[in-house]
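Chain by chain, the residues:
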Amino acid sequence: MAEEIKAHITGVVFQVTTKPGDTVAAGDPVIVLESMKMEIPVEAPRAGSVKEIRVREGQTVQEGETVALLE
Amino acid sequence: MLRTVLVANRGEIARRIIRGCRARGLASVAVYSEADRDAPHVTDADRAVAIGPAPARESYLDIGRLIGAARESGADAVHPGYGFLSENWRFAAACAEAGLTFIGPSPEAIRAMGDKTEARRRMAAAGVPIVPGSPEPVANAAAAERFAANVGYPVILKAAAGGGGIGMAKAATASELAPAWATATRRAQAAFGRADVYVERYVEQGRHIEVQVFGDAKGTVVHMHERECSIQRRHQKLVEESPAPHLAPAIKRGLTEAAVAGARAIGYVNAGTLEFLVDAQGFYFLEMNTRLQVEHPVTEQVTGLDLVVAQLDVAAGQPLPWSQDAIVQHGAAIEVRVYAEDPARNFLPSPGTVSRLSLPHGDGLRLESGVVEGSVVSVHYDPLLFKLIATGADRPEALARLAGALDACVVEGVKTTLPLLRCIVGHPEFRRGAVHTQMVEQGAFNG
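Protein chains in written order, with the numbering used here: chain R, 1 to 71; chain W, 1 to 447.
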């Protein structure tokens, strides 16, 4: 069952630090958002493998929006 | 003689500069990104020029577009404000090349102070005490370890091209040094495009005190006394005041003399600030900001001088109108910065629309705001909403006015630092003037 990783703040995607198939540990950054001159990682809530990245660099995401799927 | 000033900035500082231009009878030109079409600074200025899309890299940080806007509007001078391109020597040089007066120091001074290891060397040569550390960037973790063993732990690794508290990593012991070196170089590369880092002894429980300096083209340099700026989060200031409470006269004299000597040694022209760390052992130069500071109003409040007007006059080639003896502190002034950040969630940014804004007015209160009711606080820029400055005949009076004013502030639609600021201003340690740089992060004001 895939789990949605959601942005916890509104921001612009600064960096996509993972790609589909990557293994991540709980707390690893999946993407990094930039908001008001701060870089804020969106972290994997648990260990797993990245199934899908739903955003691209430079895109604005809203708080609560799904940025990636974790398997 | 200047006639028209292009203000290469946004928010509260753009409005402040436009006001200064008006006081001198100069025309002002605002610039704005697509996100700022309806921003207050656009309405304030005599003219406004669009400079591109919302991301700062494509608008407020784009030298070519700003020079183009100056040409298009017939401006003969450019004020950079703070942040954005204010400490970019290439921008100052591009202005000069385009025949525009840059309202600030020379590109050479900006460049020398922008390289933090060069700044340390130049200041040490001028007799200014610096934090013990490596005179040059360190080549690798082993070299960092040798310097650290020499100056003693804890140490902090800082980006040579850095400043503003960005890209720093602390090591409490030798075992933490290699990971700290890796972190600092990675951050330095990402933020400044240059991985060079240097080592400094980490000053614990120090106070951050800075000195405002001002130079003119004739070589006169004066200081305008000190500002206490120890209350910070993420190495960014939240509260500033002048005079600094309980500052020993000998230290104060040492700081101001060192600041003037340092500025004189680099032939500094226009407004600048030398930042120092002060601890029980003495004081040490940290860095120089070659621009107007966010917290300049507290200096204006206690000296009665207008720093922006003085910047315009000095840029126009006039000598400084005051002798050192005539610059005196009267009373006390305290500034707080209200940011669109959530102090309850570790200062996470809180963009959104300011749905309600009610701000106090009254004796001894000064407000510098970049927003009005209905303003959209964008993810693209610094989260500063407004600054509130309270002035009194003495510190208790300024504090009482500030506490009352903070209670009266109403901001809805975005989270702000107001609850934390109210807590700080009411806190016994702060009221006693017993402050140091780690208080916010150590949780002194929680609960």
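Just so you know, not all the hints are guaranteed correct.
[What the hints assert, rightly or not] Calculated from the model, a selection of chain R residues having no Cβ within reach of chain W, i.e. all distances over 10 Å:
#1 T18
#2 K37
#3 T60
#4 G64
[What the hints assert, rightly or not] In the DSBU-like style, the derived pairs of lysine-lysine whose C-alpha atoms are separated by at most 35 Å in a straight line are:
#5 R/K37 with W/K218
#6 R/K37 with R/K6
#7 R/K6 with W/K170
#8 R/K19 with W/K252
#9 W/K252 with W/K218
#10 R/K51 with R/K37
#11 R/K37 with W/K252
Hints listed in this document are in silico derivations from the structure and should not be mistaken for laboratory results.
All C-beta atoms, glycine included, are put in the ideal place defined by N, C-alpha and C.
How the hints compare with the structure:
no. : hint               : result
1   : T18                : holds (17 Å)
2   : K37                : violated (6 Å)
3   : T60                : violated (7 Å)
4   : G64                : holds (13 Å)
5   : R/K37 with W/K218  : violated (38 Å)
6   : R/K37 with R/K6    : holds (20 Å)
7   : R/K6 with W/K170   : holds (31 Å)
8   : R/K19 with W/K252  : violated (55 Å)
9   : W/K252 with W/K218 : holds (26 Å)
10  : R/K51 with R/K37   : holds (29 Å)
11  : R/K37 with W/K252  : holds (34 Å)
Violated hints for the displayed structure, listed by number in ascending order: 2, 3, 5 and 8.
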